[in-house]
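Number of protein chains: 2
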Amino acid sequence: MTLTAAAQTTSLDLGPARALSCRECGHETPLAAEFACPECFGPLEVAYDFPAVTRESIQAGPQSIWRYRDLLPVPSDVQSHPNTEPGMTRLIKADRLAAALGVRSLWVKDDTGNPTHSFKDRVVAVALAAARELGFTVLCCPSTGNLANAVAAAAARAGWDSVVLIPSSLEKAKVLTTAVYGGTLLAVDGNYDDVNRLATELAAEHEEWAFVNVNVRPYYAEGSKTLGYEVAEQLGWRLPEQIVVPIASGSQLTKVDKGFAEFGKLGLVDATPYKVFGAQATGCSPVAKAFEDGHDVVQPVRPDTIARSLAIGNPADGPYVLDAVRRTGGAIGHVSDDEVRDGIQLLARTEGVFAETAGGVTVATAKKLIEAGKIDPDAETVLLITGDGLKTLDAVADRVGPTATVASSSKAVKEALAGRG
Amino acid sequence: MTLTAAAQTTSLDLGPARALSCRECGHETPLAAEFACPECFGPLEVAYDFPAVTRESIQAGPQSIWRYRDLLPVPSDVQSHPNTEPGMTRLIKADRLAAALGVRSLWVKDDTGNPTHSFKDRVVAVALAAARELGFTVLCCPSTGNLANAVAAAAARAGWDSVVLIPSSLEKAKVLTTAVYGGTLLAVDGNYDDVNRLATELAAEHEEWAFVNVNVRPYYAEGSKTLGYEVAEQLGWRLPEQIVVPIASGSQLTKVDKGFAEFGKLGLVDATPYKVFGAQATGCSPVAKAFEDGHDVVQPVRPDTIARSLAIGNPADGPYVLDAVRRTGGAIGHVSDDEVRDGIQLLARTEGVFAETAGGVTVATAKKLIEAGKIDPDAETVLLITGDGLKTLDAVADRVGPTATVASSSKAVKEALAGRG
Numbered sequence: 000m001t002l003t004a005a006a007q008t009t010s011l012d013l014g015p016a017r018a019l020s021c022r023e024c025g026h027e028t029p030l031a032a033e034f035a036c037p038e039c040f041g042p043l044e045v046a047y048d049f050p051a052v053t054r055e056s057i058q059a060g061p062q063s064i065w066r067y068r069d070l071l072p073v074p075s076d077v078q079s080h081p082n083t084e085p086g087m088t089r090l091i092k093a094d095r096l097a098a099a100l101g102v103r104s105l106w107v108k109d110d111t112g113n114p115t116h117s118f119k120d121r122v123v124a125v126a127l128a129a130a131r132e133l134g135f136t137v138l139c140c141p142s143t144g145n146l147a148n149a150v151a152a153a154a155a156r157a158g159w160d161s162v163v164l165i166p167s168s169l170e171k172a173k174v175l176t177t178a179v180y181g182g183t184l185l186a187v188d189g190n191y192d193d194v195n196r197l198a199t200e201l202a203a204e205h206e207e208w209a210f211v212n213v214n215v216r217p218y219y220a221e222g223s224k225t226l227g228y229e230v231a232e233q234l235g236w237r238l239p240e241q242i243v244v245p246i247a248s249g250s251q252l253t254k255v256d257k258g259f260a261e262f263g264k265l266g267l268v269d270a271t272p273y274k275v276f277g278a279q280a281t282g283c284s285p286v287a288k289a290f291e292d293g294h295d296v297v298q299p300v301r302p303d304t305i306a307r308s309l310a311i312g313n314p315a316d317g318p319y320v321l322d323a324v325r326r327t328g329g330a331i332g333h334v335s336d337d338e339v340r341d342g343i344q345l346l347a348r349t350e351g352v353f354a355e356t357a358g359g360v361t362v363a364t365a366k367k368l369i370e371a372g373k374i375d376p377d378a379e380t381v382l383l384i385t386g387d388g389l390k391t392l393d394a395v396a397d398r399v400g401p402t403a404t405v406a407s408s409s410k411a412v413k414e415a416l417a418g419r420g
Numbered sequence: 000m001t002l003t004a005a006a007q008t009t010s011l012d013l014g015p016a017r018a019l020s021c022r023e024c025g026h027e028t029p030l031a032a033e034f035a036c037p038e039c040f041g042p043l044e045v046a047y048d049f050p051a052v053t054r055e056s057i058q059a060g061p062q063s064i065w066r067y068r069d070l071l072p073v074p075s076d077v078q079s080h081p082n083t084e085p086g087m088t089r090l091i092k093a094d095r096l097a098a099a100l101g102v103r104s105l106w107v108k109d110d111t112g113n114p115t116h117s118f119k120d121r122v123v124a125v126a127l128a129a130a131r132e133l134g135f136t137v138l139c140c141p142s143t144g145n146l147a148n149a150v151a152a153a154a155a156r157a158g159w160d161s162v163v164l165i166p167s168s169l170e171k172a173k174v175l176t177t178a179v180y181g182g183t184l185l186a187v188d189g190n191y192d193d194v195n196r197l198a199t200e201l202a203a204e205h206e207e208w209a210f211v212n213v214n215v216r217p218y219y220a221e222g223s224k225t226l227g228y229e230v231a232e233q234l235g236w237r238l239p240e241q242i243v244v245p246i247a248s249g250s251q252l253t254k255v256d257k258g259f260a261e262f263g264k265l266g267l268v269d270a271t272p273y274k275v276f277g278a279q280a281t282g283c284s285p286v287a288k289a290f291e292d293g294h295d296v297v298q299p300v301r302p303d304t305i306a307r308s309l310a311i312g313n314p315a316d317g318p319y320v321l322d323a324v325r326r327t328g329g330a331i332g333h334v335s336d337d338e339v340r341d342g343i344q345l346l347a348r349t350e351g352v353f354a355e356t357a358g359g360v361t362v363a364t365a366k367k368l369i370e371a372g373k374i375d376p377d378a379e380t381v382l383l384i385t386g387d388g389l390k391t392l393d394a395v396a397d398r399v400g401p402t403a404t405v406a407s408s409s410k411a412v413k414e415a416l417a418g419r420g
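From first to last, the protein sequence lines are chains G and B. Quick note on numbering that gives the first Met the number 0: the first sequence kicks off at 0 and runs consecutively. Quick note on numbering that gives the first Met the number 0: the second sequence kicks off at 0 and runs consecutively.
The shape of chain G in the complex, shown without the other chains (with noise of 0.2 angstroms):
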């Protein structure tokens, strides 16, 4: 399944990476813009060989993921083309929301800072780093949200062509905020499966395209690394005993769990146990499903949710979700729209954060499965925020609005905060 014959000839630096791995039968093959292994059709993902690597030489890096560069497959000069510069958001201690869900230490790590607003930024910014490498010379993805804003920003800094796919039914908000940056935004008649097969088919024909999380996905899903990384060392350096983190095709779960599992390896922090839970949107909860059945695969559904971003019915890491979260003896919850709701507003009015509806889903778990006693109060969690509740307006916009409308008197305001008081 070589779809891109011209790089593969091409003496590759893509850093710390030594090979392409097959998930599931383990085969190795050589770096290039291959997905599926040629002996199973199994996932590849990379394989690397680490450099050494310290806390001081990370810190000696720049306030961007490519401070982890030696641990991400890119080249060592990534830096040096125009990128996005992503991560190193925040990380705030939220006791506000610790008290609220009755826990004694909380931390959210919260995404909206990135450049487009969302953690898509990340694996863009990698996937970027890599087509370079590999060849390619136009960014590419179907999406609905956050990812097509992430990929046509980055495209249009790289001074890249972009081609992004959307449905034709999209809100024109959402529209906008794709076509400001430029590039080609293609609205495709059909749903969002008939979108995802049109960038498959786009993907084979044209070799200098870069479909992000087709053709070159094994390199774009490592960026996830990256918030793993991040909690670990703005933690001081160690791992958090519990993380949710909300699932949709499920892979950033499984790039966290990698990112603290090779910090403990690099002795870069200490290797102490951790849970990983995962989060989902009730309306679209395959994956918290089979974990509940007991089931290895996933059952794919039609998914129904206000949390659009997370709305992918046939998760592509389902099964490695569940093994990440057996294996550190987390769990997965989900919850419906209006818990979603409320887990917005709850953060929102604690914490000062405001999320789109995928931080509804990680908060209200968090919340359920607090409350089941599958998350320990007394043991630290962090929170995954991330995306931007300014990209999701209308999950709230018929729960807050103004406590009062008032004449223009110092006299009105009086009667109105007593009349509420």
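Heads up, a few of these hints could be off.
Copies of the same chain look alike in the list, so a pair counts if it fits in one copy or across any two.
What the hints assert, rightly or not - Each computed EDC-like pair below joins lysine to aspartate or glutamate, with the alpha-carbon atoms no more than 16 angstroms apart:
#1 LYS171 <-> ASP393
#2 LYS413 <-> ASP188
#3 LYS173 <-> ASP393
#4 LYS413 <-> GLU200
#5 LYS367 <-> ASP337
#6 LYS367 <-> ASP336
#7 LYS413 <-> GLU207
#8 LYS410 <-> ASP193
#9 LYS257 <-> ASP48
#10 LYS413 <-> GLU206
#11 LYS264 <-> ASP393
#12 LYS173 <-> ASP397
#13 LYS288 <-> ASP303
#14 LYS410 <-> ASP188
#15 LYS92 <-> GLU240
Because the hints were derived from the structure by calculation, they are not lab data.
Starting from the known structure of chain G, arrange chain B on it as the hints suggest.
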């Protein structure tokens, strides 16, 4: 004009802040919640006795504005209270925008990475810290946008009550982005001038209410110094030769200038010459007009521009802006609403940064000042991008959209792209 009697009798820890000093007559008055000189009614600003500060002591601090706490009017333990931890946003080398504008070396300071995606998080964080020390318990503001978001979020995170005043005609999306944080949100029947007058009235009547831009304004305003500090630190501890700053009240421009000057005096950078340029929308350009006419005072105007976050018709710091710009050898330009839209699109398409209308003003004004020979194309220039495009989507709504709408087949894509080329 003592607004908080209690605070005056307490021994205050506001870090290096020594007194409040009148910008007109120089009279010094003790640190308190005052904003007008008791002698001449001129505006008060914070005067300091700075401790020894080194690059190393700053770099050892957190990745937020609190790394500069020894230079801000905040308690030494400012980090021990929950706050939004703003600052240390990206400074990106903008080579593609530089090429488009015909300049040699250009940087973009992207303050959309702040917690609520504008520079207001900086000033509000400083205001909150000072207000706490001054004995206030409620964080307040009149605002139609960025400031409202920042105040409501900061109060939520701190566990304070907030009172935010907005005109009752404000669009629903803008109401939501403040209301989601909880707190008291009062929709006031009247225009923005009415809302502002009400804020001043309420500040005088409620001694526990800190209106960030009224009764604690001297402290609040100092938060903008951190933009200057960060630019200098992120350039590698040196000052840029030219910087372009949007003008609303004008406070930000004067504080960036103050930040550069302080870094020079403290020996943190070489005190090399720099020029400060101001940017306004033509529909609200009283400072640009005064600059062109050679006046020292600013004639108020009635704003009429899409750049609402800059639409202050009677800018309080206008005269000080004129002084800073003239003293450094800069200039002030202004641009039409269509040029603002062009500026937003140019920045997005070249650098992948989606700015609100204020950012469009900055980019478009820089372009105009370069074309007019006011900005030297061979000298290094920094553009301040202070707010996020997600907050002013309407500005580009009629400008951008899908490249094409296609059927779900690679053939249809090929035809659409061929027709385009």
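How the hints compare with the structure:
1. LYS171 <-> ASP393: Answer is both; intra-copy 13 angstroms and inter-copy 11 angstroms each pass.
2. LYS413 <-> ASP188: between (55 angstroms within a copy, 15 angstroms between copies)
3. LYS173 <-> ASP393: The answer is both: 12 angstroms in one copy and 12 angstroms across copies each meet 16 angstroms.
4. LYS413 <-> GLU200: Classified as between: cross-chain Cα gap 12 angstroms, same-chain 64 angstroms, threshold 16 angstroms.
5. LYS367 <-> ASP337: Result: close within a single copy only, 13 angstroms intra versus 50 angstroms inter.
6. LYS367 <-> ASP336: Cα proximity of LYS367 and ASP336: one copy only (14 angstroms, versus 49 angstroms across).
7. LYS413 <-> GLU207: For LYS413 and GLU207, the Cα distance is within 16 angstroms only across copies (14 angstroms; inside one copy 65 angstroms).
8. LYS410 <-> ASP193: For LYS410 and ASP193, the Cα distance is within 16 angstroms only across copies (14 angstroms; inside one copy 59 angstroms).
9. LYS257 <-> ASP48: within (15 angstroms within a copy, 49 angstroms between copies)
10. LYS413 <-> GLU206: Classified as between: cross-chain Cα gap 14 angstroms, same-chain 67 angstroms, threshold 16 angstroms.
11. LYS264 <-> ASP393: Intra 44 angstroms, inter 50 angstroms, cutoff 16 angstroms: neither.
12. LYS173 <-> ASP397: Between copies only: 14 angstroms across, 19 angstroms inside.
13. LYS288 <-> ASP303: Close inside one copy (15 angstroms), not across copies (55 angstroms); limit 16 angstroms.
14. LYS410 <-> ASP188: between (56 angstroms within a copy, 13 angstroms between copies)
15. LYS92 <-> GLU240: For LYS92 and GLU240, only the intra-copy Cα distance (15 angstroms) is at most 16 angstroms; the inter-copy one is 39 angstroms.
The structure shown violates just one earlier hint, number 11.
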